[in-house]
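Single-letter residue listing:
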Amino acid sequence: MIQSLPQSAANVIDAYWKLKAAENTYVRCPYFRNPRSGRERWGLAAYSGKGSPEEIEVELKIIEKLERKDFSKMRDTEIRDIMKKRKLGIECSGFIARVLDGWTRDFYKKPVYRLLKFERSGLGFIFCKLRPYTHLDVPTLVHAKNAKEIFNFRDIMPGDILRFNSIVDHAILVTCTERDAANNLQKICYAQSVLEETREGVKYGIIDIIHTNSNRLADQRWREEPETGHTIQEKGEPKIFRLFIIEQAHLW
Amino acid sequence: MVGEIILKSFYFFSGAFLITVLFSPCLIALLKKFGIVRKDERDFSSLIATRKEKVGTPIFGGIIIVGVITILTLLYNWHRETTFVPLGVLWLAAILGGADDLLNIFYTKERHPRTLGRIARLIRVHKNIGKRMWYAVSFPWQAYKRFFYLLGSHPGSGVQAHEKIIIQFAIGAIVAWWLSFKLNWTEVWIPWFGHVDFGFWIIPIIVFLVICMANAVNITDGIDGLSAGTLLISYSAFFLIALEQKSLHISLLTATVVGALGGYLLFNIKPAKYQMGDVGSLGMGVLLATIAFALDRPILLPIIGMVFIAEILSVVLQTVWKVMFGKRLFKMAPLHHHFEIAGKEESSIVMYAWTFAALFAIFGIWLSFQ
Numbered sequence: 001m002i003q004s005l006p007q008s009a010a011n012v013i014d015a016y017w018k019l020k021a022a023e024n025t026y027v028r029c030p031y032f033r034n035p036r037s038g039r040e041r042w043g044l045a046a047y048s049g050k051g052s053p054e055e056i057e058v059e060l061k062i063i064e065k066l067e068r069k070d071f072s073k074m075r076d077t078e079i080r081d082i083m084k085k086r087k088l089g090i091e092c093s094g095f096i097a098r099v100l101d102g103w104t105r106d107f108y109k110k111p112v113y114r115l116l117k118f119e120r121s122g123l124g125f126i127f128c129k130l131r132p133y134t135h136l137d138v139p140t141l142v143h144a145k146n147a148k149e150i151f152n153f154r155d156i157m158p159g160d161i162l163r164f165n166s167i168v169d170h171a172i173l174v175t176c177t178e179r180d181a182a183n184n185l186q187k188i189c190y191a192q193s194v195l196e197e198t199r200e201g202v203k204y205g206i207i208d209i210i211h212t213n214s215n216r217l218a219d220q221r222w223r224e225e226p227e228t229g230h231t232i233q234e235k236g237e238p239k240i241f242r243l244f245i246i247e248q249a250h251l252w
Numbered sequence: 001m002v003g004e005i006i007l008k009s010f011y012f013f014s015g016a017f018l019i020t021v022l023f024s025p026c027l028i029a030l031l032k033k034f035g036i037v038r039k040d041e042r043d044f045s046s047l048i049a050t051r052k053e054k055v056g057t058p059i060f061g062g063i064i065i066v067g068v069i070t071i072l073t074l075l076y077n078w079h080r081e082t083t084f085v086p087l088g089v090l091w092l093a094a095i096l097g098g099a100d101d102l103l104n105i106f107y108t109k110e111r112h113p114r115t116l117g118r119i120a121r122l123i124r125v126h127k128n129i130g131k132r133m134w135y136a137v138s139f140p141w142q143a144y145k146r147f148f149y150l151l152g153s154h155p156g157s158g159v160q161a162h163e164k165i166i167i168q169f170a171i172g173a174i175v176a177w178w179l180s181f182k183l184n185w186t187e188v189w190i191p192w193f194g195h196v197d198f199g200f201w202i203i204p205i206i207v208f209l210v211i212c213m214a215n216a217v218n219i220t221d222g223i224d225g226l227s228a229g230t231l232l233i234s235y236s237a238f239f240l241i242a243l244e245q246k247s248l249h250i251s252l253l254t255a256t257v258v259g260a261l262g263g264y265l266l267f268n269i270k271p272a273k274y275q276m277g278d279v280g281s282l283g284m285g286v287l288l289a290t291i292a293f294a295l296d297r298p299i300l301l302p303i304i305g306m307v308f309i310a311e312i313l314s315v316v317l318q319t320v321w322k323v324m325f326g327k328r329l330f331k332m333a334p335l336h337h338h339f340e341i342a343g344k345e346e347s348s349i350v351m352y353a354w355t356f357a358a359l360f361a362i363f364g365i366w367l368s369f370q
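Chains A and B are the protein sequences, given in the same order. Heads up: the first sequence at position 170 corresponds to 170 in my numbering, and the numbers run straight through without jumps. Heads up: the second sequence at position 129 corresponds to 129 in my numbering, and the numbers run straight through without jumps.
I should point out that these hints are in silico values taken from the structure, not numbers from a laboratory. Errors might be hidden in some of the hints.
Simulated DEER-style distance windows between Cβ atoms [claimed, not checked]:
hint : chain 1 : residue 1 : chain 2 : residue 2 : range
1    : A       : Phe244    : B       : Ile341    : 37 to 47 Å
2    : B       : Val316    : A       : Arg179    : 35 to 45 Å
3    : B       : His126    : A       : Leu130    : 13 to 23 Å
4    : B       : Ile190    : A       : Leu123    : 32 to 42 Å
5    : A       : Leu130    : B       : Phe200    : 33 to 43 Å
6    : A       : Ile167    : B       : Phe34     : 54 to 64 Å
7    : B       : Gln245    : A       : Leu130    : 38 to 48 Å
8    : A       : Leu130    : B       : Ile362    : 39 to 49 Å
9    : A       : Phe244    : B       : Ile165    : 27 to 37 Å
10   : B       : Phe169    : A       : Ile126    : 23 to 33 Å
11   : B       : Phe200    : A       : Phe244    : 51 to 61 Å
12   : A       : Phe151    : B       : Tyr144    : 19 to 29 Å
Keeping only pairs whose Cα atoms sit at most 27 Å apart, straight-line, the calculated DSSO-like set for lysine-lysine is [stated by the list, open to error]:
hint : chain 1 : residue 1 : chain 2 : residue 2
13   : A       : Lys69     : B       : Lys127
14   : B       : Lys182    : A       : Lys65
15   : B       : Lys327    : A       : Lys18
16   : B       : Lys182    : A       : Lys85
17   : A       : Lys84     : B       : Lys109
Computed far set for chain A versus chain B, every beta-carbon distance over 12 Å [unchecked claim]:
hint : residue
18   : Asn11
19   : Leu44
20   : Glu59
All values derive from a computational prediction rather than experimental measurement. Glycine residues also receive a C-beta, built at the ideal position from the N, C-alpha and C atoms.
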């Protein structure tokens, strides 16, 4: 039995996977995270690693003109290099927030930030209201007010967030699960925007449950597309969090 | 009296117009010879297709306006109490703008400010104790620079935004000193209400309006004929107000400006033979604000200079939108570039701006008579 994220969420992942750079030219969104001290942190959302696919596409068109290039005649890797140089991309929590946003707008008829609680007060609270996507970081997504921890990975569901915070602070989104007839978990699919040596970006991944006796996800086999020689498994053992908005929706 | 002022004004207008028209071809040739021309910029404005056509057009053309006003005023309209300070601040602003224009052309090194975190680290760890002390002492200045950088000021090769603001503040302070302490002027005329005494609060108002108008005119100077045409309309309106007040020296000064702008505009209409540059736009903005104060009509500045205010407001709003909401309000700021990207013809944007400027100038003149 396969359980997947709703189509509205999958569409957003696809949009990041195939950003329209020009007519018939698509590019996979690279990773970018603007540091807190960065100039663009307080600029456009697209340049702070929090932009929607549409916002990033608009910036791509602008960059094409600024760089005096014709993206329709360029390869995906060349366009991605320009995007990296121009600091245009998506970071892990921005990616998850935008994917969930696609779903909540369809299911709850509300943007995701209206359904989550920000753990800030005073001026920080005002900024969270003004620039909600900028402040939807991993700690906010998995905060006790917004999510609960799942201790057995066999209970994992699409929409769950795997948080890595031993080596780096990173999060990935479970997009589908596959179970056998006896309801045993066989496979977990996920999507993420991840930083690697080559500033990677949006990737799909699969965790094959090969060690059924192990209670650790890190012991299972992790594969990722595109194949870069790295998997998120390197970042240690994740914690699993389930957002209340996903649980309350009773999707599965 | 009014008839005499009109006659004299006509002489100043004609003189300024003729000198500008006669010397403009020589200036254009000189600017081209010395390479003071618009370079191929890869800033945001390069998104507009017609920008490429402007590469190679001489800039710094505003110097002829400033020069003609200076010569005619010094020779025939010199009056220590009325024309001395307007001319002085015009020159200060022109020097600032001129330095910016020339540095942008001939000085290619960009200056990026360090992050405050990095400076704080340098204060702690730099091996040279003298450098550490210098970083500590200059920290507020670095923070001030960084503030403008984060607001979106582009660290080009010219005079930086934070430096411009300081010089413009000094120019505003000179105007404020002249009006408040030399002329003992602390009242602002308000239509239907008469004069309201602001006391020393008038000083920050003067400084703010001078800085605001200098930058507003500077920002408006982005399309052929836009700033010169709207300036001509605004100065004409203030000329009529000066005439109504029977203010001889200010009437002559504004007539000179209108004449010089008229002559300049003949060469600036699309396709422009030369462009005003910061040397002219900053000076014209400062002078416009100073004349409004000299005529006791600063309240009319946002009306008579409505186009300039709309342009600067579009830039402010765009920055606020980006910082507050992470989005763009306009496709591009200032407003004329927004319309260009939206597909409007350059010449039609200019015609609309002139029309609105004229309508608001008439409204401003009517208000002035209330």
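Checklist line | Cβ separation check - glutamate 59 of chain A to all of chain B, threshold 12 Å | finding: Given that some Cβ of chain B is not farther than 12 Å from that of glutamate 59 of chain A, nearest at about 10 Å, it is violated.
Next item on the list: Could you tell me whether the CB distance from isoleucine 167 of chain A to phenylalanine 34 of chain B stays inside 54 to 64 Å?
Entry: holds, 59 Å
Note to self: What's the verdict on lysine 84 of chain A and lysine 109 of chain B, does the C-alpha distance respect the 27 Å limit or exceed it?
What the structure shows: It holds: about 24 Å lies between the C-alpha atoms, which stays within 27 Å.
Check: Is the nearest Cβ of chain B still more than 12 Å from the Cβ of asparagine 11 of chain A?
Finding: Fine: 22 Å to the nearest Cβ keeps asparagine 11 of chain A off the interface.
Checklist line | leucine 44 of chain A remote from chain B - nearest C-beta pair above 12 Å | finding: At about 6 Å from chain B, leucine 44 of chain A fails to clear the 12 Å cut-off, so the statement is violated.
Next item on the list: Could you grab the alpha-carbon distance between lysine 182 of chain B and lysine 85 of chain A and see if it respects the 27 Å cut-off?
Entry: Violated: lysine 182 of chain B and lysine 85 of chain A sit about 55 Å apart, past 27 Å.
Next item on the list: Could you see if the CB distance from phenylalanine 244 of chain A to isoleucine 341 of chain B stays within 37 to 47 Å?
Entry: Distance hint for phenylalanine 244 of chain A, isoleucine 341 of chain B holds at roughly 43 Å.
Check: Range hint 23 to 33 Å: satisfied by the CB atoms of phenylalanine 169 of chain B and isoleucine 126 of chain A?
Finding: holds, 30 Å
Checklist line | Supplied distance hint 39 to 49 Å, evaluated on CB atoms of leucine 130 of chain A and isoleucine 362 of chain B | finding: Cβ of leucine 130 of chain A to Cβ of isoleucine 362 of chain B: about 40 Å, so the range 39 to 49 Å holds.
Notebook entry, point to check: Given the hinted pair lysine 69 of chain A and lysine 127 of chain B, is their alpha-carbon gap at most 27 Å?
Noted result: Distance of about 45 Å is beyond 27 Å: violated.
Checklist line | Distance restraint between lysine 327 of chain B and lysine 18 of chain A, which requires alpha-carbon spacing of 27 Å or less | finding: holds, 22 Å
Next item on the list: State, for the Cβ atoms of phenylalanine 244 of chain A and isoleucine 165 of chain B, whether the hinted interval 27 to 37 Å holds or is violated.
Entry: Roughly 49 Å apart at Cβ, these two residues miss the hinted range, so it is violated.
In terms of the numbered hints stated before, the structure departs from hints 2, 3, 9, 12, 13, 14, 16, 19 and 20, listed from lowest to highest.
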